[in-house]
Amino acid sequence: MTTAQIESSTTTTLPAAYDVQPRPHVGTRAAVEQTFSMAWRALMKMRRNPEQMVDVMVLPIVFTVMFTYVFGGAVSGSVGHYLPLIIPGILAQTVLTACVATGTQLREDMDKGVFDRFRSLPIARIAPLAGPMVADLVRYAIATTLTVLVGLVMGYRPGGGVLGVLGAVLLLIVTGWSMAWVFTWVGTVMKSAQSVQGISMMIMFPLTFLSNAFVPAGSMPGWLRAFVDVNPVSHVVTAARDLMNDGAVTGEVGWALLGCAAVIALFAPLSVRSYRRKL
Amino acid sequence: MTTQITHPSHPPAERLAVEATGLVKQFGAARAVDGIDLQVRPGEIYGVLGPNGAGKTTMLKMLATLLPIDAGTARILGHDVQGSPHIIRQLIGVTGQYASVDENLTAAENLRLFGRLQGLSLRDARARAARLLEQFALTDAADRQIAQFSGGMRRRLDLAASLITSPPVIFLDEPTTGLDPRTRGQMWETIRGLVADGCTVLLTTQYLDEADQLADRIAVIDHGRMVAEGTPDQLKAKVGGSSLQLGVRDAGQVEEAARIAGRLIGDTAVRTPDRASFTVPLADADRAGEVLIALREVGIAVESLSVQKPTLDEVFLALTGEDTHQNSPDSSRTTGQEVA
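Chain order of the listed sequences is A and B. Positions in the first sequence are counted from 1; adding 22 to them yields our numbering. Positions in the second sequence are counted from 1; adding 1401 to them yields our numbering.
Treat the hints as calculated values from the structure; they're not laboratory data. Given the structure is predicted, the values throughout are model-derived calculations rather than measurements. Some hints could be false.
Residues on chain A that point at chain B, a partial pick, calculated with CB under 8 Å [what the hints assert, rightly or not]:
hint, residue
1, Q56
2, V136
3, L143
Each residue gets a CB set at the ideal place from its N, CA and C atoms; glycine is no exception.
Construct all of the structure, not just a fragment, from the sequences and the given hints.
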C-alpha cells in the first residue's frame, strides 16, 4: 500500500489535468453538472430510504378520499359534483406538502458530516441546495399522479382530457418546485429540522386553507375573500381547474407562472446567501 | 472540463503552504481562536496540539473556508483564504473529525460522487475511486453502505475522499481520535505516505505521542493561543534536557548513591516515589558512565538505569500549566509510552 500509486494513477488517467491552475469561479455548465450530481445523490438516498416517500404516496390518497366524502355533499351537493372542484385543490395541497419535506430534509442533511465536505469542495454553492430539489421532481410526479388516479377511480371525469390534466399536473409541479425554494430558505435559516417543519406548516396551512382549493371563496366573509383572492395558491388552483375541467389555458396560468418566477427570483438567492453565510 | 489540481512540481521555497497572521474567531463573548500566527512549509507535517476546546478545529475550519475569519489573514500556497475561497477549495483536502461521507451511499458511490462534483468525467471518477479504494484496502467493502462500516474504515474512506483530486495541502482534524492502536498505526503510515508524495499536511491532535511521531513541527495551542512552537525535540528541550534515572539494589544505599551522582553531575538528585531510585538532570549523557564507575568503586550495586528525554506530556504541563489528562481521558492511554 504505497501512496506512490496516487501519483501514477493521476498521471495515467488524468494527464490533461496535471498542472492545471486553480479556477477563480465555477462556470455555469459546471454548476449545472454539479447540481445533477447532487440530484443523483438525493435519488440514491430516496431509493435506499423508501419510507421517506410515505408522504407523497399515502397522503394524496388519504386526503383525496377524506376531503371528497367529508365536504362533497356540503359544498357541492354531491361527491360527483365536488370532484372537479376538489381534485385540482388536493393536487395543489399535496404538492405543497411535498415541498415542506424538501426544507426539513435539507436541514437534516446539512447537520450531517457530509455537508462539511460539500462546503469544502470547489463547487457552486447552489448545487447542494438545487440538487435535492431536482430529485424531488420525482416526489411531485408521484403525488400528482396518485391524486389524479384516485380522483378517476372515484368517478372524476376531467373535461379537459388528457392534455388538460397533463397541463395542470405540469403547472402544479412547476409551482411545487418554485415553492420548494421558500422551504429550502427556511431550511438554511432554521437551526433544527423540527423548527423547519413547524415554520413550514405555519406557512403551508394558511396558504392552502385560506384559498379556493377546498371551497369556493363566495361563501367567505369579505376580509377573508380579500386574502383568498390575492393568495397565489388560489390562482394556481383556478388555473389548474380551468386546464383540467375545460382544457382552457386562462390568464390565471400566466399569473401562476409569474408568481412562481417571483418566488424563485427572491428565495433562490436568499437561500444561497444564507447557506453561504453558515460557512 | 476539470478543476483538477496537482502539486506544483517546484514550489518556490519562500511560498508557504499555509500562512496565518493574527487569526481570530469570536463566538459570542468567547474567543475560540485568539490571534494565532502559523507558518507551514511545503512538504512538512505540521501538528497542532492541544486539549479539547483549545480552538484547534475552529482554526482548521477557518483555514478550510468552512468558517468566516473574524480578524487576521490566512493564505494557502499564496492565495488569500477570505478573498478567493473557491481557489482555496481547489488546493485543499479536508478530513473532519467526524466522517464526512454520505451514509446513504456505498464507499465507491461516495468517491465517485466527490470525483464527479470536482469535474472528473464519469470514467475518470470510477477509475479514481477504484484506485483509492484499493490503496486504502477498501476494495472488498466498495459496494457496502457506509452505515455498515467500522470506525477505522470510515476514517480511511474519509481520507480517500479528500484525495480524489490530489490536493497539495491536506487538513486532518484529529485523524485518529477513537481508533484502536493498530488502525492508528495504519493511519500514521498513510499520512507519512502523503508527505512522501509531496503533500503538505496540517493535522490537529490531542495525542501527544501522535504529534511526536508524525509532525515535523508542532504548535501547542491552548485557549485559542499558541503557547509554543517548534520541532518535537525543541519543545522537549524547552522543558529541560534529559534526566538520568537510577535504581539501586539495596534501598538503604540510595541516599549515598544519590549524593555521589549529584556531586559528579553537578546537580541535585531527586528521590522518586520508588524507594530505591532517584533522578538527576543530565545535560551530558557521557556523565552517566562516570556515575556508574563511581558507584561500583564504593560497592553500590545498580538495579536499573535509564536516560530519559522529557515526554511531550511534561512539555504540555510545563507550557500550559494544565494537565492534559483532565481534558482528554483518552490521552492517558497513549502518553504512558516513552518518548525516547
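Hint check:
no.: 1; hint: Q56; verdict: holds (5 Å)
no.: 2; hint: V136; verdict: holds (5 Å)
no.: 3; hint: L143; verdict: holds (6 Å)
In the structure shown, no violation is registered for any of the earlier numbered hints.
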